[in-house]
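Given two chains presented individually in distinct reference frames, assemble the corresponding complex, making use of the accompanying hints.
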Amino acid sequence: MSLRAKEYYRASSLEDAYNKLKENPKNVIVGGGLWLKKTGLEYHTIIDLSNLGLDQIKEDKDFIYVGSMVSLRDFENSPIINKLFNGVIAFGVREVMGPAFRNIATIGGSVYGRFPFSDVIAALLPLDVKVKLYPNQEMSLNDLVNYRGKLDGIIEQIIIRKEEGKAFFKKVKTTALDFPMINFSIVNRSGKNYIAIGSRPGVAALAYKAMEEADKGNYEKAAEIASQELQFLDSSNISKEYRIDLTKVYVLRGLKEVNE
Amino acid sequence: MKLRFYLNNVEVEYEIQPDEYLAQVLRRNGVLSIRIGCDESACGSCTVLVDDKPVLSCGLLAAKVEGKHVTTVEGIQEEANRLADYFGDEGADQCSFCSVGFALIVHALRKEYKNPTDEQIKDYIVGNICRCTGYQSQFKAIKAYLKEAK
Ligand SMILES: Cc1cc2nc3c(=O)[nH]c(=O)nc-3n(C[C@H](O)[C@H](O)[C@H](O)COP(=O)(O)OP(=O)(O)OC[C@H]3O[C@@H](n4cnc5c(N)ncnc54)[C@H](O)[C@@H]3O)c2cc1C
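These protein sequence lines are chains A and B, in that order.
Mapping of the first sequence onto the working numbering: position 153 corresponds to residue 153, and the numbering continues sequentially without gaps.
Mapping of the second sequence onto the working numbering: position 58 corresponds to residue 58, and the numbering continues sequentially without gaps.
This is chain B alone, in the form it adopts within the complex (with noise of 0.2 Å):
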């Protein structure tokens, strides 16, 4: 079947099949940013943005996305490397596997809320899971980004 959609403001059609989900479509066709980790909607690492909110690319039916606007990191790409400096500030990143995941998290956390609470951040990044830090280099390192991008 066909899909339509705009990847990143541009408008893309791709053959799919009916239960593919919307990492695997966007992969095969270029999209090597998406990282599939557990692909059992479980890790954060394949988030994206549809129509602004985020979302597990691995969870979500390709057919889903019918007209509607997704985000990867490439959509995002200036406020990645900006939030990645404060990743490396901090010693958040190491094999960097989880950080575009990352990336699209906190944008829609910024999108979100315009000043949020520890408690608040903690709950918008609990399902990104990290297996080389401990979280908090992240959680300082986002903290200070947010400030800095108000």
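Next up, chain A with everything else stripped away, as it sits in the complex (with noise of 0.2 Å):
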């Protein structure tokens, strides 16, 4: 199975992607196109961004500025992000495939997908990112996640917020290569506790009412309320039951962890 398309067109800039992809339905964006391919999926026209110097990460005082069509690759081994959070958000994103596999893959595409087992997405929600689209839209990367529907427009970048703290990311997997059970992504910044869980199986969520009880700093109670108010459900490889108890084990640690 593979995605088909009749014609392959290189944007010569965003506008000129944005009027194609509005010329026809059946036109579609691509980022790495590892996905696309993988949903078989029959389009009109496929657009290349590669053309449009999106493949650059930037920084000033306060924020990173992360181009859509930077490859996880680029993305993990940037100095910039290495320095984010002792270099946990990098390993989060290093956690996906081989550097084959990375390389391919993009920024934009792994947000934009908005998968259920993204790690890129577990990995980055706890930290204060904005997604911003072309042409008009700026939205936050929670808010980009809970959007239901089909969302309009280019992913030009993410612009995240530089802070200092600690982070923590696990995924729990069957083998290396493998999607994963469950995510763990907590961050503590400027002095607040974050935690995201994804592959639950539902994409990556904020436990709120246990980064709360979290900021009070009772870990214990918190990674029990983690494991309650968020929706677990059984999958092929593992069962309810299972992301429950992992969600306490690893909520625990990862609050005690970013709180040393």
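Heads up, a few of these hints could be off.
Stated by the list, open to error - Listed next, the in silico DSSO-like pairs over lysine-lysine satisfying Cα-Cα at most 30 Å (straight line):
| # | chain 1 | residue 1 | chain 2 | residue 2 |
| --- | --- | --- | --- | --- |
| 1 | A | Lys61 | A | Lys166 |
| 2 | A | Lys38 | A | Lys61 |
| 3 | B | Lys143 | A | Lys173 |
| 4 | B | Lys68 | A | Lys6 |
| 5 | B | Lys114 | A | Lys83 |
| 6 | A | Lys150 | A | Lys58 |
| 7 | B | Lys53 | A | Lys83 |
Unchecked claim - Here chain A is said to cover these stretches of chain B; the calculated rule only asks that three of the stretch's residues, wherever they fall, bring their Cβ under 8 Å from a Cβ of chain A:
| # | region |
| --- | --- |
| 8 | 10-24 |
| 9 | 42-53 |
| 10 | 77-84 |
| 11 | 133-143 |
Simulated from the structure, these hints should not be mistaken for laboratory data.
The structure presented is a predicted model; accordingly, all values stated were derived computationally and were not measured.
Glycine is no exception: its CB is placed at the ideal position from the N, C-alpha and C atoms.
Written out as structure tokens, the structure reads:
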């Protein structure tokens, strides 16, 4: 199974790409094209953003700007990203497949896809991250993840606020190349705790009540609350009960680690 | 559509379909060293280098390599032969379906890290699956090769 398309279009600007996208509901933006291949869907025109300079990571005093065409590999190797939260965010992304895969997969495709198993979204969700969509939308990563329906626009970049703190990331998987059975991303930034849990099997979500409890220093209670406030379900390779048990263990471990 | 790129430093022009992936295009044009294993970007046997970076050719749309340099095992023949000796010494090769992908990923590893740690080697080759051996022999062979090839 592979994607099918009649035409390939190399956009010359974001405006050009957007106009092309709007020309036909069967036109599609391609990031790395890895997931598009897996879907096996039929399109009219594949729109490639490779020539738009969106493969750069830049920073200023307060923010990091990651272009949507930055590969996962360039992201994880970026010294700017490695300075963030003791390198844990880069580590989370490094958990996806091997380097030859991550040289293709893009940040834009990983975020836009809102994949329930996504380690990339889980790693980023506890941070203050905005997603800039061309032509004129900016929303938090959390709003984007929870957005139901088809997103209008093209992801231009994600913007990460630089903050002080510590992070913990854990992907539970059966083999090195597996999709996660569940993933945990726990961050203490500017003194507050953030807990994201993904692949439950739903897409990563913040456990707000548990975060409140963690801010009071009650880590064990916070872990217990996290295991109750989010929805956990059975999958073919992991039971709901095991997901809940893992949540109690890793949320506690993560909170202890980031608050040490 | 027409696609132009450099294949092992020789400029080539192929007629491709807009939705074709690189592995298919290379094989159709006679580069049979490309092994398509899973065809789902999950096994590493179709690894090639694009502008010196390892990529899975079954997961990369062919149109994306326009103007770029694509290296297959033919482009690193000498190094692949030397690595094969180390694989032979350690019994790391049985059916050899994965060995082309291994040669290319190890070449890329050597370019990226001067003195890789064990962990870095494992992280780098993790995406290259071998269904015959237990990876220990390959790991030993690669380590020995990297020591010699410094
Ligand atoms: C075999 C396999 C195993 C995987 N395992 C994991 C895993 O363990 N953990 C994990 O986190 N992820 C995993 N993934 C997902 C992977 O990491 C990528 O997130 C995914 O392939 C999408 O990246 P891409 O650049 O290839 O996107 P594409 O396939 O190009 O695009 C994905 C979607 O995003 C849209 N899109 C792309 N770029 C933009 C943009 N700039 N603006 C708007 N829309 C855009 C496309 O139209 C499409 O709908 C896996 C994927 C595969 C194929």
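How the hints compare with the structure:
This hinted pair checks out: A/Lys61 and A/Lys166 have alpha carbons roughly 19 Å apart, not beyond 30 Å. Between the alpha carbons of A/Lys38 and A/Lys61 the distance comes to roughly 39 Å, so the proposed pair goes past 30 Å and is violated. Of the supplied pair hints, the one linking B/Lys143 and A/Lys173 holds, its CA atoms being roughly 27 Å apart against a limit of 30 Å. Using a Cα cut-off of 30 Å, the hinted pair B/Lys68 and A/Lys6 holds, with the two alpha carbons roughly 23 Å apart.
Taking the CA atoms of B/Lys114 and A/Lys83, the gap is near 22 Å; set against the 30 Å cutoff, the hint holds. Distance hint between A/Lys150 and A/Lys58 is fulfilled; the C-alpha atoms sit about 29 Å from each other, no more than 30 Å. Of the supplied pair hints, the one linking B/Lys53 and A/Lys83 holds, its CA atoms being roughly 24 Å apart against a limit of 30 Å. Evaluation of the coverage hint for the region 10-24 of chain B: fulfilled, as 3 residues show C-beta separations to chain A shorter than 8 Å, against a requirement of three.
Three residues within the 8 Å Cβ limit are the bar, and the region 42-53 of chain B against chain A gives 5, so the coverage statement holds. Closer than 8 Å: that is the beta-carbon criterion, and the region 77-84 of chain B has 0 residues meeting it against chain A, so the requirement of 3 is violated. With a cut-off of 8 Å between beta carbons, the region 133-143 of chain B has 0 residues touching chain A; three or more are needed, and the interface restraint is violated.
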